[in-house]
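My request is simple: use the sequences and hints to build the entire structure.
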Amino acid sequence: MNRKVQHFIDLVLVLTQKDLKVRYKSNILGYLWSVANPLAFAFVFYVAFKVIMRIQMEAYALFLIAGLFPWQWFANSVSVTPTVFLSNASIIKKVNFPRNIIPFSIVLQDMLHFIFSIPVIVLFMLIYHKLPHWSWIYGIPILLIVQFVFAYGISLFVSSINLFFRDLERLVGILITLCFYFTPIIYPLEMIPDKYQSLVNLNPMCPLIISWRNLFFYGKVEWMYIFISLGYGVLALLIGYAVYRKLSWKFAEVL
Amino acid sequence: MSESIVSFEHVSKSYPQYHQITGGIKQFLFNLPKAVRLFKTARYLALHDISFEVKQGETFGIIGRNGAGKSTTLGLIAGVLKSTIGKVSVKGKISPLLELGAGFNSDLTGRENIFLNGVLMGLTRKEVANKVDDIIEFSELGEFIEQPIRVYSSGMLARLGFSVASSLDPEILLIDEILAVGDITFQHKCVERMMSFKQKKVTMVFVSHSMESMVSLCDRAMWIENHTVKMIGDAKAVVKEFVNQS
Chain A
1 MNRKVQHFID LVLVLTQKDL KVRYKSNILG YLWSVANPLA FAFVFYVAFK
51 VIMRIQMEAY ALFLIAGLFP WQWFANSVSV TPTVFLSNAS IIKKVNFPRN
101 IIPFSIVLQD MLHFIFSIPV IVLFMLIYHK LPHWSWIYGI PILLIVQFVF
151 AYGISLFVSS INLFFRDLER LVGILITLCF YFTPIIYPLE MIPDKYQSLV
201 NLNPMCPLII SWRNLFFYGK VEWMYIFISL GYGVLALLIG YAVYRKLSWK
251 FAEVL
Chain B
1 MSESIVSFEH VSKSYPQYHQ ITGGIKQFLF NLPKAVRLFK TARYLALHDI
51 SFEVKQGETF GIIGRNGAGK STTLGLIAGV LKSTIGKVSV KGKISPLLEL
101 GAGFNSDLTG RENIFLNGVL MGLTRKEVAN KVDDIIEFSE LGEFIEQPIR
151 VYSSGMLARL GFSVASSLDP EILLIDEILA VGDITFQHKC VERMMSFKQK
201 KVTMVFVSHS MESMVSLCDR AMWIENHTVK MIGDAKAVVK EFVNQS
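Here the protein sequences line up with chains A and B, keeping their order.
Note that this note's numbering has the first sequence beginning at 1, numbered continuously upward.
Note that this note's numbering has the second sequence beginning at 1, numbered continuously upward.
Treat the hints as calculated values from the structure; they're not laboratory data.
DSSO-like mimics (lysine-lysine), calculated; alpha carbons at most 27 Å apart, straight line:
#, chain 1, residue 1, chain 2, residue 2
1, B, LYS55, B, LYS87
2, A, LYS4, B, LYS91
3, A, LYS21, B, LYS131
4, B, LYS131, A, LYS25
5, A, LYS4, B, LYS82
6, A, LYS4, B, LYS126
See the structure below:
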């Protein structure tokens, strides 16, 4: 294999391995801790909307989790990336390696983490007497790729710009929170009033989360939503990469 | 022997004043006209019209006061900075010696960090695997190598760092103030290894405030003052002149 390609793969492996090791500390408790966070969120929303506000929905706990887990992947990746270059400043200033590796491995790491948490979703499905669907075999990989492309594009953009405008980090935090409530994660798409339905697809995360939930809930692969998501993904990647290309050689100056 | 490995031709490097914008979007927007004007016009000149060559197998020292532009020069050689004017050309694989613990992760063990660092510096995992035993042996860290490096002393970190960087079969070794750490025996070992690099005709660029090691290691030296070359020549002569001045 071409040495450059091999080196790129090794860089990704080493960095991702590092993050996974630090995160899980190679044991089962580490794993429990890292699914504890989205589960705690799910619990809070369950109490607030099902127990207190009595939303009329079947299997609301499963519904929440099926949307929250992929959302967490996106939100974790994007909220970490503003500072990734800053926290690797010492090495960026000295060694000339492809810097996009760092956000790449972060998004990859969060993706792996999401994959590891799919058994938890299955567990909740079994509780509600549902079974995994054969369409998962191709549906999950497709959606993984689509979401990876989108999250990586956004991460590249955010991490590059944040070096120059260091308060972008805060803005990103606010935007993620806004985006969370504008995406049908804690409520179903059908609950959105008719006059706003047309706005739904303006939110890039919306078709993606709907796709995930359709897949987990009904084993349904709806190509329209996937294509819209893919469109957003490619757009994000193109813009993110262009910005990164333009700015990357200035990273060592500004750090 | 006479092929030039690193060459700078009338190189200047200036930065925009990034602090105008790194203060944040908010600050930038509130002072928009002024910030844009300053950003476009006011530039910080780090190096001005520098020309020099480092030949194959040569050990080249760079001296100068703090902030004179030594590290910028190293950054240009390493390829992490681009020159504003002029041409920098470098032939060969560069291996920079990093400052204490740079590129290491404190939660990983010494051994895991060797892989992390080696791959970041341009090797494949297989290549690092072939060298890992040598690196560990040279570092003299013993069983500490299996412990997370957050328990290491700064001397141990320096040993690990030097062991990794110097084991990567560099063609060009960049050394920025590294010998000041570690105990005497290890410092001695480092100097020995650098001597062996010298014999193996590895090209080295060496930045230091230690005039002693400058004289003992370097063939030629460059003195940078006020962002430009004050003197280039035989290491002893340059150091002598520099010491007289200050």
